[in-house]
Amino acid sequence: GYVVNIISSWIENLLNWTWGGKPSSRLLDGYSIWKVKFFEADEVKKLLIRSCKKENPTNDELFQIAMRTMSFGHNTRLSDFNSSYAFSRNIFTSFIVSSIIILINHPNLLIGLSSLLILFISWVRTKQRGYYFAREVLYEYLKNQDSTL
Numbered sequence: 012g013y014v015v016n017i018i019s020s021w022i023e024n025l026l027n028w029t030w031g032g033k034p035s036s037r038l039l040d041g042y043s044i045w046k047v048k049f050f051e052a053d054e055v056k057k058l059l060i061r062s063c064k065k066e067n068p069t070n071d072e073l074f075q076i077a078m079r080t081m082s083f084g085h086n087t088r089l090s091d092f093n094s095s096y097a098f099s100r101n102i103f104t105s106f107i108v109s110s111i112i113i114l115i116n117h118p119n120l121l122i123g124l125s126s127l128l129i130l131f132i133s134w135v136r137t138k139q140r141g142y143y144f145a146r147e148v149l150y151e152y153l154k155n156q157d158s159t160l
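Heads up: the sequence shown runs through residues 12 to 160, numbered per our numbering.
Everything labelled a hint here was simulated from the structure, so no lab data went into it.
Some hints could be false.
What the hints assert, rightly or not - Okay, derived cross-link-like pairs now, BS3-like style, lysine-lysine, Cα gap no bigger than 30 Å in a straight line:
| hint | residue 1 | residue 2 |
| --- | --- | --- |
| 1 | Lys46 | Lys65 |
| 2 | Lys48 | Lys154 |
| 3 | Lys65 | Lys154 |
| 4 | Lys64 | Lys33 |
| 5 | Lys46 | Lys64 |
| 6 | Lys154 | Lys56 |
| 7 | Lys64 | Lys154 |
| 8 | Lys46 | Lys56 |
| 9 | Lys154 | Lys33 |
| 10 | Lys33 | Lys65 |
Unchecked claim - The calculated label-pair distances, taken between Cβ atoms and stated as ranges, are:
| hint | residue 1 | residue 2 | range |
| --- | --- | --- | --- |
| 11 | Glu54 | Asn24 | 27 to 35 Å |
| 12 | His117 | Lys48 | 38 to 46 Å |
| 13 | Ile115 | Asn16 | 35 to 43 Å |
Backbone N, C-alpha and C fix where the C-beta goes; we use that ideal spot for every residue, glycine too.
Construct the entire structure; sequences and hints are all you get.
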């Protein structure tokens with residue numbers, strides 16, 4: 012499990028690239044994916060820019076502000092969403108490693124096609140979990156800002 016966790020954190024940038032960018036950046040730019048919609052991108056981005064001391068901050072910097080502002084305590088679901096994303100990423104990595112090992116030891120077209128299908132399904136689910144987590148951070152940030160106004 013520890014080794015899988017290491018490998019999955021190493022391939023996170025590769026995953027983000029295959030997804031067209033980090034879920035947090037995509038959401039802040041107003042893009043959503045199937046099943047994970049975020050309609051408050053403009054509002055939250057304006058609030059985050061106001062909170063940032065840097066001129067022309069990147070989406071990564073803005074998301075870090077939201078993350079720093081939010082509590083991962085018992086009153087939010089952030090820890091659950093973060094854990095769910097990490098778990099999905101680890102499962103995806105486990106499928107990659109096991110598929111490689113199985114196909115090296117037992118090359119077979121049916122096993123290869125089955126592995127590709129499982130990898131695709133877990134890749135999509137990991138992407139969704141990344142978006143769910145990023146969206147929840149941004150929702151919590153908005154909720155926090157609304158309560159301070």
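Self-check item: Hint check against the structure, violated hint numbers in rising order
Solution: 1, 5 and 13
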